[in-house]
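Undergrad: One-letter residues, chain by chain:
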Amino acid sequence: MTVGAWEAFVLIVRRELVLSFRRPEQLLQPLVFFLIVTTLFPLGLSLQLSLLRDISPGVLWTAALLSSLLSLDGLFKSDADDGTLEQLSLSGQSLTLIVVAKTCAHWLVSGAALVVVSPIVATALGIPVAAFATMMLSLALGTLTLSWLGAIGAGLTIGLRRGNVLLSLIVLPLATPLLIFGAAATERAISGSSAVGAMYFLASVCVFTCTLAPLAATAALRITLE
Amino acid sequence: MWTWFYKLASPPYVYGIAAAFVPWLLSAAALALCYGLVAGLAIAPPDYQQGDAFRMIYVHVPSALLSLTIYTVMAAASAVALIWRIKVGHAVAAASAPIGASFTLAALVTGSLWGRPMWGTYWAWDPRLTSELILLFLYVGVMSLRSAFEDPARGDRAAALLAVVGVVNVPIVHFSVVWWNSLHQGATVVKLGAPSMPGSMLWPLLAMWLGFMLFYGAVLCMRLQGELLNRERQALWVREAIKS
Amino acid sequence: MNSAADGLCVEKVHVWRGERHVLKGLSLKVGPRELLHISGPNGTGKTTLLRVASGLLRPEQGTVTWMGRPISSSSSQYQAAMAYSSHEPALKSDLTALENLRFAVGLKRRVTLQELRTVLDCTGVGPIADLPTRVLSAGQRRRVALARVLAMRATLWLLDEPYSNLDASGTELMSGLLQAHVEGGGMALVVAHHALALDCNVHRLELNS
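Protein chains in written order, with the working numbering: chain A, 1 to 226; chain B, 227 to 470; chain C, 471 to 679.
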């Protein structure tokens, strides 16, 4: 009796989560990086908290982007290295399903974790609590889109020398709209005006990416697997 | 009817027509560029607002248009190569990428030089300039990805996929002045309806655009010959071609 | 005697690895109750041939068919009926042997943990089924990989150097399982650089450079 798509999806997500939690230090590293990078800006600029508020959306988003990139490299790498990626591709399940499951699991442990940690960072940057909801929602959409862009990049750069540098080179140009609109949404929320326009844009970029990126990421993986 | 399409999939055939086209494309380009430069730099009257500084348009606009066109050509060739497994497509994409990147850089630099007298700054983070810069990064990404693989066939396919994914930026660059409040001037030529520029300024611009396109065609053919020879170096036709 | 429609058929495949013409128009057939032993010196393309047969590698020319249909268009049916074992055991080092099997086999068919434990007992790694595979020896990992192939209940086995790292009892176990599989109606494609001492219907394909 063959295994249905939903069952397979759940099994793969479970596999990824079990693997991630067996190495908790690898989960924490990008979060710690996020915290460290955000402290670099105020230290480097030695601004008072009230002035820091002006640059805080940009700082928050740049730090979130960079720390997400750190964990993207490992999306397919470990499976490719020990040969289990091949086994997955021969499991009878569609490669797209496998890619979707892995990327969703990856977002759960990286992007979602970032969203949860963001209020701490936001407080350190002087962002008012009233802006938190918008900020967290925008980060959630942004990190999800980034996980998908990263899946395409990771699929293309598996096993390359300096693959993580190339991954950043590929993903960052595509991710700049996220930075622009995510920071804009947070900015508007801080100043009290309506962030709805920027959020709609962010949401539409997210939906567009989540629809098309699985196909591109699967194609990228096929190119690498061959 | 489809036989010409199938012929285009054959490297020696494409090599032959590329070699044949080069002299025609170069001479046509030279003619168009000569007319464009003379008419644009010397004959067209100075703009009432910008004076002679506006003449940067004759290099800046064609470069920018070409940066977008070449990316589209590269993405289309990549798509053809990926879908139908036609290797000539990869050769066209590989040949076009550095040319496109150069034109993008030229557009950014000429734009920057033009921006100084016009807007008082060499650079502004407005949508069009930013998206054009992203285009440059995409070109560099495609070229880097191709060269990062040890197996050239795999490198071609990975770069092709990236080119296709990145093509979403091309309409963003073009429509950025429409969708957002931009410092950059709106569309004057490539838009629906009549161009909003007088004839004496427009014709040299169109001539320069045509000249740049023909120049791209000529350089593409020259580079394509080199790419095909390199990729097919084990094949018999290459040895024949080198001998002759 | 055996037609192409009841098993695996590889026809005239060509594969280039960069500039090297690794496989030059090779063909093979495996039907029920048959074992094909692919042998030859290093570098002659044995692993490449197995990967082409499994569908991991697309040949530049030639076709691979399963039950008469090309595997590129019927990949899910083909993958459901076959089990591939590569030269490395392909196990996640952070997962236990049992978990490895559960996540691998569980994608192909519904299995209970008890069933998997039984299979692991069969291959002699029952007692260490709950240890992370990174602490296992190479031979033990090979046995876990073998258990994975067994648990998949596949008709066609594609095995690349399945005897590597196995001790005497392991080798006997491997041969016994192969024999039982083939005699029970299954088929197998085995890449091994040494001779196989098996009683069943063994054909041999020798690759040379």
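Simulated from the structure, these hints should not be mistaken for lab results. There's no promise every hint is true.
Claimed, not checked - Here are the simulated SDA-like pairs of lysine to any residue, each with C-alpha atoms no more than 20 Å apart in a straight line:
id: 1; chain 1: C; residue 1: Lys494; chain 2: B; residue 2: Leu234
id: 2; chain 1: A; residue 1: Lys77; chain 2: C; residue 2: Gln531
id: 3; chain 1: A; residue 1: Lys77; chain 2: B; residue 2: Lys313
id: 4; chain 1: A; residue 1: Lys77; chain 2: C; residue 2: Ser563
id: 5; chain 1: B; residue 1: Lys313; chain 2: C; residue 2: Arg528
id: 6; chain 1: B; residue 1: Lys233; chain 2: A; residue 2: Glu226
id: 7; chain 1: A; residue 1: Lys77; chain 2: C; residue 2: His484
id: 8; chain 1: B; residue 1: Lys313; chain 2: C; residue 2: Gly488
id: 9; chain 1: B; residue 1: Lys313; chain 2: C; residue 2: Gln531
id: 10; chain 1: B; residue 1: Lys313; chain 2: C; residue 2: His484
id: 11; chain 1: A; residue 1: Lys77; chain 2: C; residue 2: His557
id: 12; chain 1: B; residue 1: Lys313; chain 2: C; residue 2: His491
id: 13; chain 1: B; residue 1: Lys313; chain 2: C; residue 2: Glu489
id: 14; chain 1: B; residue 1: Lys313; chain 2: B; residue 2: Leu234
id: 15; chain 1: A; residue 1: Lys77; chain 2: B; residue 2: Gln460
Undergrad: Next step is simple, just say for each hint if it's right about the structure.
TA: The hints, checked one at a time:
| no. | hint | verdict |
| --- | --- | --- |
| 1 | C:Lys494 with B:Leu234 | violated, 27 Å |
| 2 | A:Lys77 with C:Gln531 | violated, 30 Å |
| 3 | A:Lys77 with B:Lys313 | violated, 28 Å |
| 4 | A:Lys77 with C:Ser563 | holds, 14 Å |
| 5 | B:Lys313 with C:Arg528 | holds, 16 Å |
| 6 | B:Lys233 with A:Glu226 | violated, 28 Å |
| 7 | A:Lys77 with C:His484 | violated, 29 Å |
| 8 | B:Lys313 with C:Gly488 | holds, 14 Å |
| 9 | B:Lys313 with C:Gln531 | holds, 15 Å |
| 10 | B:Lys313 with C:His484 | holds, 17 Å |
| 11 | A:Lys77 with C:His557 | holds, 19 Å |
| 12 | B:Lys313 with C:His491 | holds, 18 Å |
| 13 | B:Lys313 with C:Glu489 | holds, 15 Å |
| 14 | B:Lys313 with B:Leu234 | holds, 10 Å |
| 15 | A:Lys77 with B:Gln460 | violated, 34 Å |
Of the numbered hints listed earlier, those contradicted by the structure are 1, 2, 3, 6, 7, 15.
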